[in-house]
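Those protein sequences? They're chains F and B, same order as listed. According to my numbering, the stretch in the first sequence is residues 1 to 345, in order. According to my numbering, the stretch in the second sequence is residues 1 to 345, in order.
The reader is advised that the hints may include incorrect statements.
Repeated chains share a single entry, so a pair holds when one copy, or any two copies, can fit it.
[To be verified] Once the Cα atoms are required to be at most 30 Å apart in a straight line, the calculated DSS-like pairs of lysine-lysine come out as:
no. : residue 1 : residue 2
1   : K263      : K193
2   : K113      : K30
3   : K78       : K30
4   : K77       : K113
5   : K30       : K103
6   : K113      : K263
7   : K202      : K113
8   : K37       : K78
9   : K77       : K103
What the hints contain is simulated information worked out from the structure, not anything from laboratory work. Owing to the predicted nature of the structure, the values given are computational and were not obtained by experimental measurement.
Each chain, written out:
Protein chains: 2
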Amino acid sequence: MRFDIAFIGFGTVGRGFADLLLEKRELLKKAYGIEWKVVAISDIKGGSVMDPKGIDLAEAVRLADSGNGIEGMGGEKKGLGALETIRESGANFVVEVTWTNIKDGEPGYSHIKAALEMGKHVATTNKGPISLHYRELMRISSERGGRLRFEGTVLSGTPVFNLFDGPLAASGVSSIRGIVNGTTNLILSEMEKGRTYSEVLKEAQRMGYAEADPTMDVEGWDAAAKAAILANHFFGADIKPDAVARRGISGVTLEEVTGAIRKGGRIKLIAKAWRGDRGEARAEVAPTWLPASDPLASIGGVTNALTFSTDTLGDITIVGPGAGRRATGYALLSDMISIARSLAH
Amino acid sequence: MRFDIAFIGFGTVGRGFADLLLEKRELLKKAYGIEWKVVAISDIKGGSVMDPKGIDLAEAVRLADSGNGIEGMGGEKKGLGALETIRESGANFVVEVTWTNIKDGEPGYSHIKAALEMGKHVATTNKGPISLHYRELMRISSERGGRLRFEGTVLSGTPVFNLFDGPLAASGVSSIRGIVNGTTNLILSEMEKGRTYSEVLKEAQRMGYAEADPTMDVEGWDAAAKAAILANHFFGADIKPDAVARRGISGVTLEEVTGAIRKGGRIKLIAKAWRGDRGEARAEVAPTWLPASDPLASIGGVTNALTFSTDTLGDITIVGPGAGRRATGYALLSDMISIARSLAH
Numbered sequence: 001m002r003f004d005i006a007f008i009g010f011g012t013v014g015r016g017f018a019d020l021l022l023e024k025r026e027l028l029k030k031a032y033g034i035e036w037k038v039v040a041i042s043d044i045k046g047g048s049v050m051d052p053k054g055i056d057l058a059e060a061v062r063l064a065d066s067g068n069g070i071e072g073m074g075g076e077k078k079g080l081g082a083l084e085t086i087r088e089s090g091a092n093f094v095v096e097v098t099w100t101n102i103k104d105g106e107p108g109y110s111h112i113k114a115a116l117e118m119g120k121h122v123a124t125t126n127k128g129p130i131s132l133h134y135r136e137l138m139r140i141s142s143e144r145g146g147r148l149r150f151e152g153t154v155l156s157g158t159p160v161f162n163l164f165d166g167p168l169a170a171s172g173v174s175s176i177r178g179i180v181n182g183t184t185n186l187i188l189s190e191m192e193k194g195r196t197y198s199e200v201l202k203e204a205q206r207m208g209y210a211e212a213d214p215t216m217d218v219e220g221w222d223a224a225a226k227a228a229i230l231a232n233h234f235f236g237a238d239i240k241p242d243a244v245a246r247r248g249i250s251g252v253t254l255e256e257v258t259g260a261i262r263k264g265g266r267i268k269l270i271a272k273a274w275r276g277d278r279g280e281a282r283a284e285v286a287p288t289w290l291p292a293s294d295p296l297a298s299i300g301g302v303t304n305a306l307t308f309s310t311d312t313l314g315d316i317t318i319v320g321p322g323a324g325r326r327a328t329g330y331a332l333l334s335d336m337i338s339i340a341r342s343l344a345h
Numbered sequence: 001m002r003f004d005i006a007f008i009g010f011g012t013v014g015r016g017f018a019d020l021l022l023e024k025r026e027l028l029k030k031a032y033g034i035e036w037k038v039v040a041i042s043d044i045k046g047g048s049v050m051d052p053k054g055i056d057l058a059e060a061v062r063l064a065d066s067g068n069g070i071e072g073m074g075g076e077k078k079g080l081g082a083l084e085t086i087r088e089s090g091a092n093f094v095v096e097v098t099w100t101n102i103k104d105g106e107p108g109y110s111h112i113k114a115a116l117e118m119g120k121h122v123a124t125t126n127k128g129p130i131s132l133h134y135r136e137l138m139r140i141s142s143e144r145g146g147r148l149r150f151e152g153t154v155l156s157g158t159p160v161f162n163l164f165d166g167p168l169a170a171s172g173v174s175s176i177r178g179i180v181n182g183t184t185n186l187i188l189s190e191m192e193k194g195r196t197y198s199e200v201l202k203e204a205q206r207m208g209y210a211e212a213d214p215t216m217d218v219e220g221w222d223a224a225a226k227a228a229i230l231a232n233h234f235f236g237a238d239i240k241p242d243a244v245a246r247r248g249i250s251g252v253t254l255e256e257v258t259g260a261i262r263k264g265g266r267i268k269l270i271a272k273a274w275r276g277d278r279g280e281a282r283a284e285v286a287p288t289w290l291p292a293s294d295p296l297a298s299i300g301g302v303t304n305a306l307t308f309s310t311d312t313l314g315d316i317t318i319v320g321p322g323a324g325r326r327a328t329g330y331a332l333l334s335d336m337i338s339i340a341r342s343l344a345h
């Protein structure tokens, strides 16, 4: 399988994928029959370069990491916008890693749609378009034949969707619940040491773990987008993030957190998607008391985890990173391999 | 893909696989293009039946579950031994689920070898032959073209080997450690409540969680066989169970277990396989102190878990059942799907 790759967005995640592409080039060819070249990179800050003969990816990473734009490097064409890049680059594989917007999914939504309408394969870590437009995008993918994969939208590269593509094949799932937001889990973990919510939040902001406007994390919006994606993918729903029953951690008191520990448990922000009594898909985000015997209770700091209730194995829990350049970049690599395998059938 | 299946052994695990084959028949065909019939069953206690036109598997499960032999049912030929069944049944897929013997791997070793030499695919949950003869069996598999899969030898159907077949594809592993024996983990969990080793062991034996001769479990032999399989598969070793550095739990005192909890941690029987400083594969089983923040520390009762240290995602932990009719039966189903997919390439 030969992938001509266009990067739409070339921030931390895109470069994490680039690192792995370069590092694993021989292995991809030998073990999976995958050969690749990068024909275009378009980033709203870093600039844009396109070359059907192939771009020097290592050089592009170096330039972007040093804070310089990529337009200084060689390439046939410069300055194209994202949609032009998708349409004109000749890429058959589009990596959509622009910023997340869970109001209308833009600009990622338009990028993914344009690529899929042209029959291109898409791998994305962008929660906006996948949580808001899952059904439409999957329909276009199935009509035009380009695959759409989004492992990195939940738990970064820690396997969630790809887990059911092989290892848990033929397993039915009745519910999924877990810790899908590292920032709030870090805050709750720190509060367990006796520190107040506002004290910990301020430090997390200072250290770059929380945004200046922490609403997306602490009010549960990020977790709600992920719960919507899980409900839509596993339970055939069409739930948008704002329809997810949602409570964040801003109302959780120090007394509740330390009280939970005294009672032999823990409070965690749990995202949940499940099939209700009448077969309907449901999704929820809420601070939840867990007994210490629950594998999710021991997950501290920015680590993420999900428990799947299956009809074959009962409860299966996967624990791993929920963010990071390399871990999220790996989500895109595993999606690429998964697409190559699905095309080989 | 069409599988003509021969069951060698038809105890709990074999019947667990049979349950799932029957239950998932439509799904297997629709989602994975797999059609199957069972052409032979040979069990040392239940008897043997063979029919190239196909055996009524539901009836065979009913007879075996009720404690009656299967020879009362219809079928072209009765009374064949295991090796005759492998050679004469015309099966292209052999399910080896006889008893475990980690001294010389027999009779499973001879069964698997005979099947692979005839180019048949083999799925097994039998730790004996896989821990003792991994390299030889894999060589025959690769020479003759029949696939050999053994997901159920470690953590029953909870994904271990199949995890790297897709979801963790292209990831390198430097070490694997975890809880791979449910009986000893149950005993340690009960000791945490203040009960002595011998008291808990006696109860576990009464309830059927531990054998009358508990040596395989409590002296770490079962865990050592699994550590050897992990070392041989992931690190290219040829380590036999008796070469694994091994300490069981029979010497663990109540004071050590409760003392660990007072110090904010837990004692677990940890099996470990890793690459040493000079690149050599190593394997070990020992009671180990874990801090409460380690995801393995919260794994109670008969649940199993493994943490993989990878070069793509850092630490990934999978938690799930380590035994059980359905969970171990599912290991064979996931192996069958995995073989079908590998053949489609």
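Comparing the hints with the structure gives:
1. K263 / K193: Both, since 15 Å and 16 Å are each at most 30 Å.
2. K113 / K30: Between copies only: 28 Å across, 32 Å inside.
3. K78 / K30: Neither: 33 Å inside a copy, 47 Å across copies.
4. K77 / K113: Within one copy only: 23 Å inside a chain, 59 Å across chains, cut-off 30 Å.
5. K30 / K103: neither (42 Å within a copy, 37 Å between copies)
6. K113 / K263: Intra 50 Å, inter 55 Å, cutoff 30 Å: neither.
7. K202 / K113: Answer is neither; intra-copy 39 Å and inter-copy 63 Å both fail.
8. K37 / K78: within (18 Å within a copy, 60 Å between copies)
9. K77 / K103: neither (33 Å within a copy, 67 Å between copies)
Checked against the numbered hints given earlier, the structure breaks hints 3, 5, 6, 7, 9 and satisfies all the rest.
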